[in-house]
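In numbering that gives the first Met the number 0, the protein residues as written are 0 to 106.
For the record, the hints were derived by calculation from the structure and aren't laboratory data. There may be inaccurate statements among the hints.
With beta-carbon atoms standing in for the labels, derived distance ranges [as the list claims (entries may be wrong)]:
(1) 48 to 86: 34 to 44 Å
(2) 85 to 46: 33 to 43 Å
(3) 84 to 48: 13 to 23 Å
We treat Cβ as the ideally placed atom computed from N, Cα and C, and that holds for glycine.
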Amino acid sequence: MAPEGKASVGKAGAVSATTMEQGERPRANSAVLYRELRSGCVLYDPGTNEAHVLNLTAAYIWTCCDGSMDVAAIAADVAKVCQLPLPQALKDVRKALRSFHAKQLLL
Numbered sequence: 000m001a002p003e004g005k006a007s008v009g010k011a012g013a014v015s016a017t018t019m020e021q022g023e024r025p026r027a028n029s030a031v032l033y034r035e036l037r038s039g040c041v042l043y044d045p046g047t048n049e050a051h052v053l054n055l056t057a058a059y060i061w062t063c064c065d066g067s068m069d070v071a072a073i074a075a076d077v078a079k080v081c082q083l084p085l086p087q088a089l090k091d092v093r094k095a096l097r098s099f100h101a102k103q104l105l106l
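Turn these sequences into a full structure, and let the hints steer you where they fit.
Pasting the structure below:
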């Protein structure tokens, strides 16, 4: 269940392009449209006219990107929901957030 990812310690919503620290509070770009699927979700960015298909883990991480939770809290939720060890969940969350950031899906 490997998602896509990224993160960094800083202001709420701000995410570093290179690293994602546990205190970071990622926030999704509100212009990006979300469509749930049985196997994950599709994100559509009207600004770039691109669609992104996410697996279940990455889709769950995406739904957590509302600026209310930091990376550590998202990882703890992912660990619980996906029954993963916390270090693996943190790695997956960071990877997903890096990917979201690289695709300009986060603010």
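Hint check:
Our hint of 34 to 44 Å for residue 48 and residue 86 holds, since their Cβ atoms are close to 37 Å apart. Taking the beta carbon of each, residue 85 and residue 46 are about 34 Å apart, inside 33 to 43 Å as hinted. Taken as a hint, the range 13 to 23 Å is violated for the pair residue 84 and residue 48, whose Cβ atoms sit roughly 38 Å apart.
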